[in-house]
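Quick mapping for you: the protein sequence lines, in order, are chains A and B. Numbered by the working numbering, the letters in the first sequence go through residues 1 to 369 in order. Numbered by the working numbering, the letters in the second sequence go through residues 1 to 222 in order.
The set of hints was computed from the structure by calculation and includes no laboratory data. Keep in mind that the hints are not guaranteed to be accurate.
As the list claims (entries may be wrong) - Only some residues are given here: those of chain A computed to face chain B with a beta carbon under 10 Å: (1) Arg-50; (2) Ala-79; (3) Phe-81; (4) Ala-87; (5) Ala-101; (6) Pro-106; (7) His-122; (8) Ala-143; (9) Ala-149; (10) Leu-156.
The C-beta atom is built at its ideal place from N, Cα and C for all residues, glycine as well.
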Amino acid sequence: MPDLKVELRQDRPIPLDTAFTCAPGEILALVGPSGSGKSTILRAIAGLNRPAQGRVSVGDDVWFDTTAGVSVPPYRRAAGFVFQSYALFPHMTAEANIAAALDHLPAAERRARAHELLAMVHLDGLEARRPAELSGGQQQRVAVARALARDPKVLLLDEPFSAVDRATRKRLYREIAELRRSLDMPVILVTHDLDEAVMLGDRIAVLHRGRVLQTGTPEEITNRPVSPEVARLVDLRNVFEGTVAGHDETAGHSEIDWAGRRLVAAYRAFDVGAAVSWVVPDGFVVLHRRDRPSRGEHENPVSGVVAGLLVIGQTAHVTMNIDGSEDLPLQFSVPAHVARRNGLSEEAAISVSLLAEGIHLMPSGDPAG
Amino acid sequence: MDWIAFWLSLRLGFFTVLLLLPVGIVVGRLLAYRQFPGKGIAEALVALPLVLPPTVLGYYLLVSFGAASPVGKIWDAVFGGQLVFTFEGLLVASMIVNLPFAIQPMQRAFEAIPVEVREAAACSGMSPLKALGRIEIPLAWPGIATAMVLSFAHTLGEFGVVLMVGGAIPGETRTIAIAIYDRVQAFDEQSAAQMSALLLALSLGTIALTIGLSRRVGRRLS
Numbered sequence: 001m002p003d004l005k006v007e008l009r010q011d012r013p014i015p016l017d018t019a020f021t022c023a024p025g026e027i028l029a030l031v032g033p034s035g036s037g038k039s040t041i042l043r044a045i046a047g048l049n050r051p052a053q054g055r056v057s058v059g060d061d062v063w064f065d066t067t068a069g070v071s072v073p074p075y076r077r078a079a080g081f082v083f084q085s086y087a088l089f090p091h092m093t094a095e096a097n098i099a100a101a102l103d104h105l106p107a108a109e110r111r112a113r114a115h116e117l118l119a120m121v122h123l124d125g126l127e128a129r130r131p132a133e134l135s136g137g138q139q140q141r142v143a144v145a146r147a148l149a150r151d152p153k154v155l156l157l158d159e160p161f162s163a164v165d166r167a168t169r170k171r172l173y174r175e176i177a178e179l180r181r182s183l184d185m186p187v188i189l190v191t192h193d194l195d196e197a198v199m200l201g202d203r204i205a206v207l208h209r210g211r212v213l214q215t216g217t218p219e220e221i222t223n224r225p226v227s228p229e230v231a232r233l234v235d236l237r238n239v240f241e242g243t244v245a246g247h248d249e250t251a252g253h254s255e256i257d258w259a260g261r262r263l264v265a266a267y268r269a270f271d272v273g274a275a276v277s278w279v280v281p282d283g284f285v286v287l288h289r290r291d292r293p294s295r296g297e298h299e300n301p302v303s304g305v306v307a308g309l310l311v312i313g314q315t316a317h318v319t320m321n322i323d324g325s326e327d328l329p330l331q332f333s334v335p336a337h338v339a340r341r342n343g344l345s346e347e348a349a350i351s352v353s354l355l356a357e358g359i360h361l362m363p364s365g366d367p368a369g
Numbered sequence: 001m002d003w004i005a006f007w008l009s010l011r012l013g014f015f016t017v018l019l020l021l022p023v024g025i026v027v028g029r030l031l032a033y034r035q036f037p038g039k040g041i042a043e044a045l046v047a048l049p050l051v052l053p054p055t056v057l058g059y060y061l062l063v064s065f066g067a068a069s070p071v072g073k074i075w076d077a078v079f080g081g082q083l084v085f086t087f088e089g090l091l092v093a094s095m096i097v098n099l100p101f102a103i104q105p106m107q108r109a110f111e112a113i114p115v116e117v118r119e120a121a122a123c124s125g126m127s128p129l130k131a132l133g134r135i136e137i138p139l140a141w142p143g144i145a146t147a148m149v150l151s152f153a154h155t156l157g158e159f160g161v162v163l164m165v166g167g168a169i170p171g172e173t174r175t176i177a178i179a180i181y182d183r184v185q186a187f188d189e190q191s192a193a194q195m196s197a198l199l200l201a202l203s204l205g206t207i208a209l210t211i212g213l214s215r216r217v218g219r220r221l222s
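Can you build the whole structure from these sequences, using the hints too?
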């Protein structure tokens, strides 16, 4: 199976200026807020809309090329598409829905292949049901089976988990993760849910106003955003401004001055004295035990008071006002039992460590807080 | 009971529906899916026969179908003979009068198909023609059937336009609605009553069928 290569540009109705590739067997998750153009990109790959300029190709198959005047209609593009609403054919049974995408096979083989696909998505025995007689999760699986029925060269998933309940969604995540081992085509997943992208994507492309701001592994995107803008788009809340104070390349450290403190951060080659933005993801903020006072051995210690405490389920979300810098709230989460054991409450004095390996420096952007 | 007139009406209804079926599907689908300049005018023209007095419409058709008119001349050149006061002329007039009854229910039925379902058909490898036959027509079928039933029933009852364009030539242009009028004029109340009762029963049946089919549009798409 060849790579999918996509380059798209347009000004209206949704601006696009993007280029990316997706390798066979890879899941590339497109994430971004509403209106960022992620669904438009997916629809352009399928041929459901035509951007002003661009090129879409899978290996030697050119589906769209404005320079060469090529625009293959959607029914001739071997792209499997799973719609957000599933868009099953309501007058057909589950089996007929899948068989409807099997025209490339001889008529005698379609039924057997439809049954194979139904078995693959764990729907054996439900072939005679119509979409209205299936649950949301079952409908989604029929939609996936139908998309795979064409033997597509590309699989396109448009928010495929947004219309089912949480429990079903978790089950479907597991099934997709299992299914993907047998998929050998490029897969593009559009989602507004970063957790979903992190869980299922091999790579994530963060989109904003039709442009890919960063492409990387889930770990890179969530821990090392390229800009404060990406950091905010992937919901990293602790984005601050500082100044580079020095480097220790052998130890792999940079030092920054921030709010009257010096912090050790992961090394990045910025000029000393340069203004930078920096971010520390939730997982790199460690709460000190309140019954064991610091003897100065902590890494990047920061003290303050609890300005907000919100317990949701088993997680306590803490907003901490840093001593001497009340306008710089630091946010982090701890398990609810840790919050209880440490007697966390509003106005309680606490201290945390900002782990150096998690402090990521970026070119300076707009101050975020 | 004028069985010749009744048979003529059935024949007129049958051919009107037969010829309007493809027109309704093509135009109804076009108006449902496409945006184009002048769409509002096109929709207004389709709806015009609903509000125009039948005699006014009949007058204009009579004038435009006349032997001296361009349409009349073309008809004469292609088929020979004249269009007015013939069954063929009546059929063309009947099609024009029934445009809103044929197109509007089909347009609504095509509009009710979610756009994603049509896109899914394309993404499943179906050409537009295949998608029309396998997805769109089956889903819009109750609306299409409603359009056919309404056009047929309306043709049976049409009076003003038929009289203007066709006159009342027995076996050629005298439909059952005109035959009822003739019978009343001739004080043959028994025949008029029988034919009226027949049309009443047909109309009630039509309404029942139309309501039943309209409910199915919703059910099919749920």
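Hints numbered earlier in the text: which of these fail when held up against the supplied structure? 1, 6, 7
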